[in-house]
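Student: Since the structure of chain U is already known, use the hints to place chains W and C on it.
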Amino acid sequence: MSPANLGLPLTWRRIPERYGLIGSECENCKTNYFPVRKMCPKCRRKGKMREVKFSGKGKVYSYTVIYSPPTGFELDAPYAMGIIELAEGPKLTAQIVDSDPKDVKIGTPVEMIFRKIQEDGYEGLIHYGFKFKVVR
Amino acid sequence: MIGIVGYGVHIPRYRIKAEEIARIWGDEGGADGLGIIEKSVPGMDEDAATLAVEASRNAIRRCGVDPKRINAIFVGSESHPYAVKPTATIVAEAVGSTPHLTAVDMQFACKAGTTAIQCCMGMCSSGMIEYGLGVGTDTSQGRPGDALEYSAGAGAAAFVIGRDKIIAEIEGTCSYTTDTPDFWRRPGMDFPSHGGRFTGEPAYFKHTISASKELMEKLGLKPGDFDYAVFHQPNGKFPLQVAKMLKIDPSKIKQGLLTPLIGNTYSAASLIGLASVLDVAKPGNRILLTSFGSGAGSDSFSIVVTDRILELRGKNRSVFQYIGEKEYLDYGLYVKQRRKLKSL
Amino acid sequence: MRRVAIVGAAMTKFGEDWERGFRDLIAEAGVKAIDDANMSGKEIDAIYGGTMAAGRLIGQEHITALIADYMGLNPIPATRVEAACASGGVALRTGYLAVGSGLHDIVVVGGVEKMTDVPVGDAAVALGGAGDQEWELFMGATFPALYAFIARRHMHEFGTTEEQMAMVAVKNHSNASKNPYAHFQNVISVRDVMKSKKVASPLKLYDCSPITDGAAALILAPLEKARKYTDTPIEIIASSQASDTLALHHRKSLTTLNATVEAARKAYNMAGVKPNDIDVCEVHDCFTIAEIIAYEDLGFVKKGKGGRAIEDGETALDGRIPVNTSGGLKGCGHPVGATGVKQAVEITWQLRGEAKSRQVKGAEIGLTHNVGGSGATCVVSIMRRAD
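Chains as they are written, first to last, in the numbering used here: chain U, 10 to 145; chain W, 9 to 352; chain C, 8 to 394.
One or more hints might be untrue.
A few chain U residues that don't get close to chain C, going by computed Cβ distances all over 10 Å [to be verified]:
{"hint": "1", "residue": "M48"}
{"hint": "2", "residue": "K62"}
{"hint": "3", "residue": "D85"}
{"hint": "4", "residue": "Y88"}
Cβ-Cβ distance ranges computed for the label pairs, FRET-style [claimed, not checked]:
{"hint": "5", "chain 1": "C", "residue 1": "E68", "chain 2": "W", "residue 2": "E333", "range": "48 to 56 Å"}
{"hint": "6", "chain 1": "W", "residue 1": "P195", "chain 2": "C", "residue 2": "R27", "range": "16 to 24 Å"}
{"hint": "7", "chain 1": "C", "residue 1": "G166", "chain 2": "U", "residue 2": "E132", "range": "31 to 39 Å"}
{"hint": "8", "chain 1": "W", "residue 1": "E333", "chain 2": "C", "residue 2": "G166", "range": "41 to 49 Å"}
{"hint": "9", "chain 1": "C", "residue 1": "E164", "chain 2": "W", "residue 2": "P195", "range": "55 to 63 Å"}
{"hint": "10", "chain 1": "C", "residue 1": "G166", "chain 2": "W", "residue 2": "P195", "range": "58 to 66 Å"}
{"hint": "11", "chain 1": "C", "residue 1": "M277", "chain 2": "W", "residue 2": "E335", "range": "52 to 60 Å"}
{"hint": "12", "chain 1": "C", "residue 1": "Q67", "chain 2": "W", "residue 2": "K344", "range": "34 to 42 Å"}
Note that these hints are calculated values from the structure, not bench results.
Please read these numbers as outputs of a predicted model, since none were measured by experiment.
We treat Cβ as the ideally placed atom computed from N, Cα and C, and that holds for glycine.
Next comes chain U alone, as it looks inside the complex:
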């Protein structure tokens, strides 16, 4: 039972955000959001949302190394994850790979890379998207 099995349309719908870090900016209050929001939670009806593409640069806001992985991530363990604060403001949760876990600290600069997130077994869909790595 993998969360991805929630459905094909569900993951397809998220491709622009997961591949390209597409989010939203409210033109009224100038707040950036990731993922895309159709309505600004601050301005509601007064808000005016437009799509923005984030640079993929950011820094580690908090982090952990997962030793007990959930179903579907067994082969990846142990792996580092972080809450990443993007340069444009929004925060997101992502794996931090291709990096020495000792280098992953609060404040460490990171950049987006493109990776497999998970697979629906050997026959199912492969889900791709962003992960991050420490900027060297």
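Tutor: Coordinates of chains W and C only, in the frame set by chain U:
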């Protein structure tokens, strides 16, 4: 004028030493004849599609072309993550070129990447498209204990092809193709089969040399006219022998001969070599590039570097920077990471 | 609003219950609570049942119909309440509103989760539904990982240590060993916690609440009728609920659960009491760091001083403000949907003076704090012995 507008590579961070593989199989010195010191290994979460995306993003970032003006993407690989479903659409979406483009996957053992570039050249020349993206990418597999296990590496190279803002003109290309079954993989099989020494003389050498000679003849060029040469590199030795047979000074192939350090990256092998040459070449330099794909065929190119290359230099990490950033795996971690155990 | 009292309280023995299934557990807790209220069952007007993930854990939805059926309570209305790990707490608040509003007189509030019928990995995935499935769990995060993010920030901002977190587990195991209903009956040491298997650094196995089967139930009645059923009615003097972002990463701060702060502020106002007035409380220690943050967010100590409070024994059974006398989620166990109801059962027993060897002497006012997910829902309820 048609040529390279931008280029980018991606080489995974992990390496395994040939001597570590030899240790497992009691084959000390077994890799010596191949001229391979170590090879690249993809991360657990990397496949031919992710490598292609990273290389393509690097290529596009380097030249600054608006991805929406890339109207064709060809991805050459023998390890596409899906048997049916294109890698090229993943790349197109991830670089932001969708939806107004054509895209398709190619497969021709180790040469589909150079053929992807030829396709881009044809479509650009005819005016069908403004820019094209040709990619060679592979996470190739060698059967445990097989000689291929020493060499089967992972990497990708991507080239933006167009008619303006060219950093290296492709002044000519030609191919040499026959049905020569030296290496293959049947559907559903995990590992390829090959003809052993048959992969050498009648396959690799015959096609590589024939294509290179035909190109020189066509363009009226002599071996001495090239400042650099890059050949497909299934191991560290074959390209040196080709250079010798073509009477090209071995010093000219050094910059593009990377298999000793990253293994054979299959569809990306000669293209990463070309990228490495472009990292250092001076305006006016002429480069001979000849790929080889089992099955079998070779594509040969003559490429002349323009002044514009200097503007783009340093905008990306160089091939040798990628090669230098590495983390070694022992055979146990390698087996886990490459999922070589059936139970994984 | 009418004043509302708890007139019956019961729970099953928490633990890995291989013998009994979902319907056995809730029926046992419900029937025992009805007995505790000296009722026949005919008096009951409605059921509110809290359960988080029956659909994924036992493949069963429509679970309050099942509960009404197995408790023999048809045809009264039975309503499922779901708010992840706060399902029980929200069910309690829903029952409180139903009685308080005058719509119903006697209400059963139940909470239940049967978690061990599936492999642990699948239970973890089911629990993941409490977070943001598309943007946290999909990426490979787990619930321990989310609380590890919180712990890391708390350590970074306030110097909280892994040893201080370990002390929460030690205290709660010690309390659990005095509670016959608790999942764990063994005491542990700080060294045991520090040496336990790494789960999501800095959290280790003993920093995490276990996967537990169990059920708990309460009978609510209008205060003015409560003495008909019990000599020791426990009045619910406040029950307040607040929400926050579903995904942890959308919060401004990770070291405070804003839903707790808000729910607590409103609850204290509603009850007319201050944090200092609380004699005993059950807080949501799904992970040890969660209890430390709860001390701060509930106003027992200043922000950042939670680690110090556990180290100084302030929240021990004999401390200034005993926390999680039942053993908490960590020691008593965490059958998610049951937890919020079980907390109120423990506080009821404490305020009645029935908590035996873990009794807090003279406890008059108690508080329950139940959190859903990584803090997207929080319910704070305050109870007082009705003398």
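Student: All hints, please: hold or fail.
Tutor: How the hints compare with the structure:
1. M48: Holds, because the least Cβ-Cβ distance between M48/U and chain C comes to about 14 Å, which exceeds 10 Å.
2. K62: Given that every Cβ of chain C is farther than 10 Å from that of K62/U, nearest at about 17 Å, it holds.
3. D85: violated, 7 Å
4. Y88: Check fails; 7 Å does not lie beyond 10 Å.
5. E68/C to E333/W: 48 to 56 Å: Holds - the Cβ-Cβ distance for E68/C and E333/W, about 51 Å, lies within 48 to 56 Å.
6. P195/W to R27/C: 16 to 24 Å: 51 Å Cβ-Cβ, so the 16 to 24 Å window is violated.
7. G166/C to E132/U: 31 to 39 Å: For G166/C and E132/U the Cβ distance comes to about 50 Å; the hint is violated.
8. E333/W to G166/C: 41 to 49 Å: violated, 35 Å
9. E164/C to P195/W: 55 to 63 Å: holds, 56 Å
10. G166/C to P195/W: 58 to 66 Å: Holds, since G166/C and P195/W (Cβ atoms, about 59 Å apart) stay within the stated range.
11. M277/C to E335/W: 52 to 60 Å: holds, 57 Å
12. Q67/C to K344/W: 34 to 42 Å: Since Q67/C and K344/W have Cβ atoms about 38 Å apart, the given range 34 to 42 Å holds.
Hints 3, 4, 6, 7, 8, counting from the list given before, are not met by this structure.
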